[in-house]
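Visitor: The primary structure of each chain is shown beneath.
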Amino acid sequence: MASSEISDNILYQKLQEMIAAKKDLRDPLIEILRDAQEIFGYLPAAVQELIAQELNLPISKVYGVVTFYNYFSQIPLGKYVINVCTGTACFVKGAPKLIQMLEDELGIKAGETSEDGLFTISTVRCVGACSLAPVLLIGEETFGRIDSRAKLVEILDKFRTLA
Amino acid sequence: MSLKRTDVLLCCGSGCVSAGSLKIKSKLIEVIEQHGLSSEINIIETGCMGPCDYGPVMLVYPEGIFYKKVQVKDVEELVEEHFLKGRPVKRLMLKSEDTIFQTKKDIPFYKNQVKVALENCGYIDPEKIDEYIAMGGYEALGRAVTEMNPEEVIDIIKKSGLRGRGGGGFPTGLKWENVKNSESDQKYVICNGDEGDPGAFMDRSLLEGDPHKILEGMMIAAYATGANYGFFYIRAEYPLAIKRIKNALSQAKEYGLLGNDILGSGFSFDAEVRTGAGAFVCGEETALIASIKGERGQPVSKPPYPSESGVYQKPTLVNNVETLGNIATIINKGADWFASMGTATSKGTKVFALTGDVKNTGLVEVPMGITLHDLIFEVGGGMVAGKKFKAVQLGGPSGGCLTADHLDTAIDYESLREKGAMMGSGGVIVMADNNCMVNIAKFFLEFSLDESCGKCTPCRVGLKEMYTILENITAGKGRSGDIEKLENLGKTISGTSLCGLGQAAPNPVLSTIRYFRQEYESHIEAKSCPTCVCLDLMHFDIDKDKCIGCSLCAQKCPVNCISGSREEKYTIHQADCIKCGNCQEVCPVNAVDKISGAAEKEEKLNSVAELYQ
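Residue numbers (our numbering), protein chains in the order written: chain A, 84 to 246; chain B, 4 to 616.
The hints are simulated quantities; they were obtained by calculation from the structure and are not laboratory data.
Hints may be right or wrong, so weigh each one.
Derived pair list, reagent style DSS-like, types lysine-lysine, alpha-carbon separation capped at 27 angstroms [stated by the list, open to error]:
{"no.": "1", "chain 1": "B", "residue 1": "Lys305", "chain 2": "B", "residue 2": "Lys494"}
{"no.": "2", "chain 1": "B", "residue 1": "Lys559", "chain 2": "B", "residue 2": "Lys572"}
{"no.": "3", "chain 1": "B", "residue 1": "Lys582", "chain 2": "A", "residue 2": "Lys192"}
{"no.": "4", "chain 1": "A", "residue 1": "Lys241", "chain 2": "B", "residue 2": "Lys28"}
{"no.": "5", "chain 1": "A", "residue 1": "Lys234", "chain 2": "B", "residue 2": "Lys488"}
{"no.": "6", "chain 1": "A", "residue 1": "Lys180", "chain 2": "B", "residue 2": "Lys391"}
{"no.": "7", "chain 1": "B", "residue 1": "Lys467", "chain 2": "A", "residue 2": "Lys192"}
{"no.": "8", "chain 1": "B", "residue 1": "Lys390", "chain 2": "A", "residue 2": "Lys180"}
{"no.": "9", "chain 1": "A", "residue 1": "Lys234", "chain 2": "B", "residue 2": "Lys162"}
{"no.": "10", "chain 1": "B", "residue 1": "Lys488", "chain 2": "B", "residue 2": "Lys467"}
{"no.": "11", "chain 1": "B", "residue 1": "Lys467", "chain 2": "A", "residue 2": "Lys162"}
{"no.": "12", "chain 1": "B", "residue 1": "Lys114", "chain 2": "B", "residue 2": "Lys296"}
{"no.": "13", "chain 1": "B", "residue 1": "Lys336", "chain 2": "B", "residue 2": "Lys162"}
{"no.": "14", "chain 1": "A", "residue 1": "Lys180", "chain 2": "B", "residue 2": "Lys162"}
{"no.": "15", "chain 1": "B", "residue 1": "Lys296", "chain 2": "A", "residue 2": "Lys106"}
{"no.": "16", "chain 1": "A", "residue 1": "Lys192", "chain 2": "B", "residue 2": "Lys559"}
{"no.": "17", "chain 1": "B", "residue 1": "Lys317", "chain 2": "A", "residue 2": "Lys106"}
{"no.": "18", "chain 1": "B", "residue 1": "Lys98", "chain 2": "B", "residue 2": "Lys131"}
All values derive from a computational prediction rather than experimental measurement.
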């Protein structure tokens, strides 16, 4: 058995356990999808099918919910998802420029994942840290006032060494 | 918690945390231990104190000394000088040109503020129920459920004049009464924490900074309306808020404040947290209810209103976070006290998130009726150095932009709406004169377009049409008649969309046309962006009188379109210029200018060598 299959199996087992734990909550679909995305990093078709089956829902409903909400992704994301805030305060303080700098530094466009699978550039609606604009988030960590290329590179390097 | 001689309150709101307050905390603990002061000094993590721009901020009691921009390297000095020798560190205090503001109450930022919803925020540890109770927490709940009947509670809220703080401004007491009057065996209360307006973070700060107060407000609302179950619907983007509310729920359960027969009154209540998954439209109550049920968050037509048929077709009360944050204080201090603040139609206080080109960005709470001028120039401290006020945007993507002529406007629901803006949830974005209003309108429209759920044609297709027109205008392809077309479309979309998102989405465009029409005209007729923001309607030029011929710009130009020599000075070959702005950034003598209007057409170069022929 290839190692990726083994790790896949572990993930599916986790998924099954999580579904079993949450299944009896009232209307748990969104909560389960969120946890499933935590486990897999994204929501591939097979995972959506399994959830539909377990919850006894039509697959169309699961797919409908997945595509409606920005939080869910159907394509694999990088290890670190860089969420650039594009709220008004950040926009006024230079978020478009920040995205451009990020795209230059990583050689990818917003929405894409770098070749080494390390970073995905994503944009997010206001994260409510407006006084620190322009802001980006990596995981749950907020980085504020990124107004120069040097600051941006410093942050990227920090995560590169972590990886 | 034992009593100690000094309390150090460290702001751990989102702003200060990302400025490094958690590192300060661990360093403080370390240094205090080294000096053997652990038994004398309390370190308390609080929610947002407000002045985010000066983060990390710290308050030291009993003196009330306020420190700003504290760094890890300052900690030793703070402990040795202030905590050990009693000499506050002046260099970390807030200063104006000639004054040092020692304590919190001296600071102008706090002077015009009145804290009701935010009264404990930044003052107590939000993770400790004891601290909330010590501030009088859950007293209002106790009084409501043991001394008052639901009618009396509703009466107080009605008399207070409190209106929905999420933007709509519907009278809260009336909403409660509607739910109470709906007959059902089961009713629900929802706290709407799906704060999606870009530029607004007051609900986040309240949930993070004083979660018990929101819970107490929800429980009083439940008692008054006859509900016994609640949902906190909170955005996924606010993980700390989710954690704090969950923590508050389990603490309240432990203390017997949540569950069956609360305080022996016979009233039972429990609540859970549901998280959003990134959809702005879910702030609309019927969409929110759909989302709680695990469905696509699409609004449905009203009536029936949620007060008759909401979650699981049961009567449901939906209140915004800040609205619930006011309830306990109103019960404690009385309706008359609350109604004594504000204007004839808008009572009490409002929390605003001040951002943009204003000096004191942050979270503020002011009485209704304060003028925009006082909010921006007194509380906000005015514009950041060197910038001139142009406009203020209120109400997010549903709101509008007001100009310098409107600074005397008193902030209340009606007067703002009359002028084409709206209270919204309370985001205030101050813009300097380097902002292009057409571009700002385009930004908001793009937001609404992206967040439209797609159900109603006017919103789904109409906004796209409006956006295309704006794109053309900012790209120099505007045609006469475009402004009128935008106005027409806007009015139609407002009038024919089902929910608040579509009804309000044209507002940013309509309000900027109303107050900045000449800017639109200049884009369309003169093909010129007066603020040089729209790249197709501006160009860069090198001032030969200032240029010293250093060649830095030519070296940094990514497309090699700048040529010249020390003697002849440098020139930008406009046809090839991609307007990246590098030349302006690197010029040591500021010789590169932004000029509004597109450059004269030149033939495209095949190679740089041609320049030298």
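Visitor: All hints are to be evaluated individually against the structure, with a verdict given for each.
Guide: Okay, the hints, checked on the actual structure:
1. About 21 angstroms separates the Cα atoms of Lys305 (chain B) and Lys494 (chain B), which keeps this hinted pair within 27 angstroms; it holds.
2. Proximity of Lys559 (chain B) to Lys572 (chain B) is assessed by CA-CA distance (about 16 angstroms); at most 27 angstroms being required, the pair is judged to hold.
3. Taking the CA atoms of Lys582 (chain B) and Lys192 (chain A), the gap is about 19 angstroms. The hint holds against a cut of 27 angstroms.
4. Restraint check for Lys241 (chain A) and Lys28 (chain B): the C-alpha separation of about 22 angstroms stays at or below 27 angstroms, so the hint holds.
5. A distance of roughly 44 angstroms separates the Cα atoms of Lys234 (chain A) and Lys488 (chain B); the hinted pair therefore is violated under the 27 angstroms criterion.
6. This hinted pair checks out: Lys180 (chain A) and Lys391 (chain B) have alpha carbons roughly 22 angstroms apart, not beyond 27 angstroms.
7. Between Lys467 (chain B) and Lys192 (chain A) the CA atoms are separated by roughly 23 angstroms; this keeps the pair inside 27 angstroms, and the hint holds.
8. Between Lys390 (chain B) and Lys180 (chain A) the CA atoms are separated by roughly 20 angstroms; this keeps the pair inside 27 angstroms, and the hint holds.
9. Proposed proximity of Lys234 (chain A) and Lys162 (chain B) is contradicted: the alpha carbons are some 53 angstroms apart, above 27 angstroms.
10. Distance hint between Lys488 (chain B) and Lys467 (chain B) is fulfilled; the C-alpha atoms sit about 13 angstroms from each other, no more than 27 angstroms.
11. As the CA atoms of Lys467 (chain B) and Lys162 (chain A) are separated by approximately 34 angstroms, the hinted pair breaks the 27 angstroms bound.
12. With a CA separation close to 45 angstroms, the supplied pair Lys114 (chain B) and Lys296 (chain B) exceeds the 27 angstroms bound.
13. Distance check on the hinted pair: Lys336 (chain B) and Lys162 (chain B) sit about 13 angstroms apart at the alpha-carbon level, within 27 angstroms; holds.
14. Restraint check for Lys180 (chain A) and Lys162 (chain B): not satisfied, since their Cα atoms lie roughly 50 angstroms apart, outside the 27 angstroms limit.
15. For the hint pairing Lys296 (chain B) with Lys106 (chain A), the CA-to-CA distance comes to about 14 angstroms; that is within 27 angstroms, so the pair holds.
16. Distance hint between Lys192 (chain A) and Lys559 (chain B) is fulfilled; the C-alpha atoms sit about 22 angstroms from each other, no more than 27 angstroms.
17. Between Lys317 (chain B) and Lys106 (chain A), the direct Cα distance comes to roughly 23 angstroms. Compliance with the 27 angstroms bound is thereby established for this hinted pair.
18. Restraint check for Lys98 (chain B) and Lys131 (chain B): not satisfied, since their Cα atoms lie roughly 33 angstroms apart, outside the 27 angstroms limit.
The structure fails hints 5, 9, 11, 12, 14 and 18 (numbered hints given earlier, in ascending order).
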